[in-house]
Structures are given as structure tokens and as C-alpha cells.
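Peer 1: Based on the provided sequences and hints, a complete structural model is requested.
Residues 1 to 204 (my numbering) are what the sequence shown spells out, left to right.
Quick caveat, the hints were computed from the structure, so don't treat them as lab data. There could be a bad hint or two in this list.
[What the hints assert, rightly or not] Below, a list of computed lysine-lysine pairs in the DSS-like style, where the Cα atoms sit at most 25 Å apart:
#1 K90 - K73
#2 K190 - K41
#3 K12 - K171
[Said to hold, decoys possible] Using C-beta positions, here's what the derived DEER-type ranges look like:
#4 E112 - E23: 36 to 44 Å
#5 E71 - K19: 27 to 35 Å
#6 E85 - K24: 34 to 42 Å
#7 L110 - E9: 26 to 34 Å
Every residue gets a Cβ at the ideal spot worked out from N, C-alpha and C, and that includes glycine.
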Amino acid sequence: MDILSQKKELRKEAKLYRKSLSEKDRLDKSSTIMGNLKALKEFQKAEVILMYASLPDEVETLSLIDELLQEGKKDVYCPVTQDDEMDFYKISSVDDLKEGNFHVLEPEPLEEKVLELQKDVAYCMLMPGLMFDKTGNRLGYGKGYYDKYLARVTENVSLTTIALSYEAMVKDKIPAEDTDWCANYVVTEKRFYNKYFRRSEYNE
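Peer 2: Here it is, written out as C-alpha cells:
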């Protein structure tokens, strides 16, 4: 089976798993994942957070967006997809997010709010995905928006990529292509996986 066929089958598996979760299970897992995320030094040190508004079956992120904005210690940027490109735009409230492409909540793409990455700023990107492996490989939704964005903007920039995932959707190895970008960390309700050391850290 070629890589594209393998990815197609894994996407089906991931979607079936998500459908099997009750809303209580999803929110309970999400709450624990957020606690584990906040324990990561790279997240704590980041001055700017690039993050997505979750879909109904994903790890829930809207509460974190609201919490970060209420605290006011980190700037928050959310993605907007247009044609084949994606950019991030600063938001000041969850109310800035409206339903956009693929039913994802997005900010209005105002030119004055677009993110221009700087060399002397610590960034953290929270990445969505259907499935991951223990070395950070990511199975997205197939559009390649995050891969293309990271290829375009990360040169000479301090940006840590962190994936949020249910533990059941982290495999030993998933197929990856040369254009697929890894996550530096994968955070689940059980632990986090560190790309650099190829091992999991338990948070129990």
C-alpha cells in the first residue's frame, strides 16, 4: 500500500475514534491535555501563541484561547486559510472568531493584524491533526496548510511546534513524506512525547 493509501486508512481510523468519544470523555481528556501543555517549559516561555479554534470532535481549545486572552500575558494569533495559503491573525477576544473555511472558526483577515514573525521573539504553535506518532510525525487533514506555512516562515525563527492529541491516536510510527512537518512535542492526556529524545515523558 502506498503512502497516500496508508494515510487515507489512518484518517478513517482517527475519525471513527473521535466519533466514539462521548462529549464528557472529550472534555475530560481535553482538560487534562491542557494541564499537561501548560507544564511544558516551551509553552510557558513563549511570548506569542499560534493556535487554532477546535472543531467539535477535536481536543477542545477555545477555553485555552479565552484563558490566554484574559490573562493578557501572551499574544494569541489564529489561522485563516485562503486558497492554498494560511496566515495567522491577532485576536483580542474569542468573539473575533467567526465560522470560515471547513467550518473552522477564524478571525477576520485584516492586514494590520497579520503575524510577521521576528527573530528575537519566542513563538509556540499548537498544531491540529488526526493522528501522530511518537517522534512527532503528523497526519493532518490532507490540505497541507501547516506544512506549507512552516516551510515558508520558520527560517531563523524560534518557533516550537506542539501537537494536541488523544493518547489513542499516537502510534509508534505513521507514514510521512518529505514535505510533512513534525511536531516538536505531542501532548496527550497521559504524557507528552519529545521529538528530540525520541521518548515519552509521563505526567502522572
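Peer 1: It remains to establish, for every hint, whether it holds in the given structure.
Peer 2: Each hint tested on the structure:
1. K90 - K73: Distance of about 14 Å is within 25 Å: holds.
2. K190 - K41: holds, 17 Å
3. K12 - K171: Given pair K12, K171 holds - Cα atoms ~15 Å apart, limit 25 Å.
4. E112 - E23: 36 to 44 Å: holds, 38 Å
5. E71 - K19: 27 to 35 Å: holds, 34 Å
6. E85 - K24: 34 to 42 Å: Given range 34 to 42 Å: holds, Cβ gap about 37 Å.
7. L110 - E9: 26 to 34 Å: violated, 40 Å
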